[in-house]
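Participant: Which chain is which? The protein sequence lines are A and B, in order.
Numbering-wise (the numbering used here), the first sequence opens with residue 1 and increments by one.
Numbering-wise (the numbering used here), the second sequence opens with residue 504 and increments by one.
If you're looking for bench data, these hints aren't it; they were derived computationally from the structure.
Built from N, CA and C at the ideal position, the CB exists for glycine as well.
Among the clues, some could well be false.
[Stated by the list, open to error] Covered, in the sense of this in silico footprint (three residues per stretch, anywhere, with C-beta under 8 Å from a C-beta of chain B), are these stretches of chain A:
#1 48-60
#2 221-231
#3 304-317
Read off the chains here:
Number of protein chains: 2
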Amino acid sequence: MAGNSYPEFIEFEKECQNAQFAAGILAWDQETKMPPGGAMERANQMATMAKWYHDYYTSDRMRVYLEELRRPDVFDALGPEEQTNVRETGWQYDREVAIPGSLVKEIAKHTSMSLETWKDARAKDDFSLFAPSLEKMIDLKVQVAEHIGYEDNIYDALIDEYEPGTRTKDVEVVFADLRERLVPIVKKILDSDVHPNEGILAQPWPLEKQKEFGIMVVTDIGYDWSRGRLDEAAHPFTSGAIDDVRITTRYNENDIRPALFANIHEAGHAMYQQGLDPEHYATPMGDAIGLGFHESQSRMWENLVGRSMPFWRHYYPKLQATFPGQVGNVSIEDFYAAANLVKPSLIRVEADEVTYNMHILIRFEVELAMMNGKVGVDEIPALWNEKYKSYLGIDVPSDADGCMQDIHWSMGIQGYFPTYTFGNLISVQLWNTMIKDIPDVWEQIEAGRFEPLLGWLNEKVHRPGRMYRTPDMLEHLTGEPMNADHWIGYIKEKFGPIYGVQL
Amino acid sequence: MAGNSYPEFIEFEKECQNAQFAAGILAWDQETKMPPGGAMERANQMATMAKWYHDYYTSDRMRVYLEELRRPDVFDALGPEEQTNVRETGWQYDREVAIPGSLVKEIAKHTSMSLETWKDARAKDDFSLFAPSLEKMIDLKVQVAEHIGYEDNIYDALIDEYEPGTRTKDVEVVFADLRERLVPIVKKILDSDVHPNEGILAQPWPLEKQKEFGIMVVTDIGYDWSRGRLDEAAHPFTSGAIDDVRITTRYNENDIRPALFANIHEAGHAMYQQGLDPEHYATPMGDAIGLGFHESQSRMWENLVGRSMPFWRHYYPKLQATFPGQVGNVSIEDFYAAANLVKPSLIRVEADEVTYNMHILIRFEVELAMMNGKVGVDEIPALWNEKYKSYLGIDVPSDADGCMQDIHWSMGIQGYFPTYTFGNLISVQLWNTMIKDIPDVWEQIEAGRFEPLLGWLNEKVHRPGRMYRTPDMLEHLTGEPMNADHWIGYIKEKFGPIYGVQL
């Protein structure tokens, strides 16, 4: 590799990512520490950081590096890790330069406005107030997609931002299959005579004890506090990479679920970030592969591990000792059933493990129609409500709790929603591969030993960074493309017994 | 002003300052929130931020703006606030471009090394380990000064960074006068028969109550929590401007002074930053004038207000109610004397109000000799010790607690020390002007009303930003250049009665 500009290129790439990490700290600060008065100028600071990053990343310097390093004779002589860094940086560069600065600026400006409009329209439960703003956002995102280019479907160009290498037509097949198999499962569960007692979880729990318990679990499963911290935030999130990965949570005095499951969820994200290869800090080789894989980690720890019977066989005695008044006289079976309650709801973020994907399928279908001009903006509420009725049997009483419940469309991040379901599907697909390597993983978990699982994820999923793209990574790890089989199988096997039905 | 590039210039200037504010948040985070593992990469992030700032600030774009706006015909047509922004930005620009990039880089590199060497040498109490590193730093700072240029004394170019417009020869006159008058005052105080009981302050105080009390005082004097927050830090500091100004403190379970006086000190800095003109956010007109004026604000609140009898006539009953076991039976006179104890010490940061300036005078004299090649590096410890003996009557038992006690020289911020004494002198000089406008200020303070004082400072000192430079600002506000008369008069008037001597 002597004689090429790779060493300079990668130093420059790291410099750009350092600025991104700095912006990440500012964003974390904004959600957790910033005094209220700081909001307006913080927005300006963030805008400057974003602008400078864009200036550097799309500079002539980067262009010249990439032109050289992507020349086949040069590229082929690079090692696989170097090739990954060139490929992924080039991909990001191409996206950044494809969109004209004037369009970037217009989107940024419209997004601020659109967010306010959405908040207002939602508060007033009046979709017609939001519609013009959404229409303009769709138009802008169409322009973005046209600049970036796509093969089959305009949606490809959008989803590619969050899950590089993913094609809409593949997603459509998997999601259609998932929907077809999930609808009857939900119906059977709801028709069953078993009704877990949600009141076990939704009762007063002393906050300090909740915190203690949550921190104990997160520590046990392997979150590294020397490279992290826990704070409270209105909307929990994880922030940072490798050596400084912070989690946030929101406690609820009347519901222990946030402390139990949101903590584990964020720790799952965080252990991915902490598990990236420090040798490749601030380069694609030291970065997460995409949002779907990220969500697979959070959901694996939250759902497959954290809502499993072996997990609770380990922790339930501790929970009872910590909260004798709340669960001292509740059987582990009743607690487990409550923790896995299936209850179709209007609101995505409150959904249980089984129905969650239905919320995403609906959004994906609406979004796809929206971006392909197959549904007029004014028709979105009706389409939304029809799908909630048909897939989940739910009447949507208001657009505020219907198609305006999520912030995503007002932010212009069309293409993001599917990655939540990718996370669910990938989590089980990975699990079924992992268990071949660690056949006694459930015994380990029941004994409170999480290192074998985390070690496997570190080695197989985290350390490779972005060496593969999501579809290839899945093939590489599991021998199969993303599909619904594993997740559906898992749901049947887990929820059949809980609800006493054959799924 | 139509037709010139001022509007674009000032937008660009703000953009650069936004990045500086962002870096400020990172620095705050590093001292208060960052997990230990994050240190190394944070250093890289900060380095990138500094580099990018330098790149933008010294870019052709800035050069072209300044070339136009500093042309006399264009400059003269600007309003006074615009002229200030052009003048001060130009001054900063000239400094930044004067120093070759290679020298900046060499200093940055040497500073990291020098800091480690200093820590090590100090821990081992072996100046000879630090000497080569200090020698190199002096050489580098000489180069910096030569690039920047100066009129009379090489030290001018260094002090100018912290107190723009200040000349060494003026400082020498004021400091010599101060020393001459202060040495006999210290001697008389030490020879007096009065010995305040330090034990009143240095005893166990419950931490939670300390925090409560400190927060109450800081709130009362006018620190705006909607634009700030309080955290703990090993070395207390204030960070941010106008809409997000954070203070830090360090509590000591066995000494209430940090909670009482360090909190007020930092709030004094913070109220300056919060009092800057929001209309001029991120420009010189919305920035503090210099370190001396900054220190005048912190010390005015800490010493002139916070260690005064009227202040304690207001707060002492509250202190007694909060800490009945500690001061329930202590008279206000004894408490006041203890809070104003004069006790020469080896360590600058532990010095009392009277002897503090002596520590600075010594540093200034040594620094001046050092930068002018009038003392060899190896002779510094002897020179230091000789001055401590002669000015404060103290034997210096070790270089660790002698000339290696402060971090400054290892960081290459020669020229910074004098600003601490500027702060003391300016604080009283301002006070004696203020009291003509608010003759009943002491009655106000005794009644717990601090708005008149803060309002005066806001209007006279904070809002003008950098309209004037320090020497002109002092003339403008007080009608006099910086001098020791006011401070010496204040010390005599305050400490004579406490120590029962005629000073």
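Participant: Hints first: check each against the structure and report whether it holds.
Facilitator: Okay, the hints, checked on the actual structure:
1. 48-60: Holds: 5 residues of the segment 48-60 of chain A have a Cβ under 8 Å from chain B.
2. 221-231: holds (count 6)
3. 304-317: violated (count 0)
Consistency with the previously given hints fails for number 3 only.
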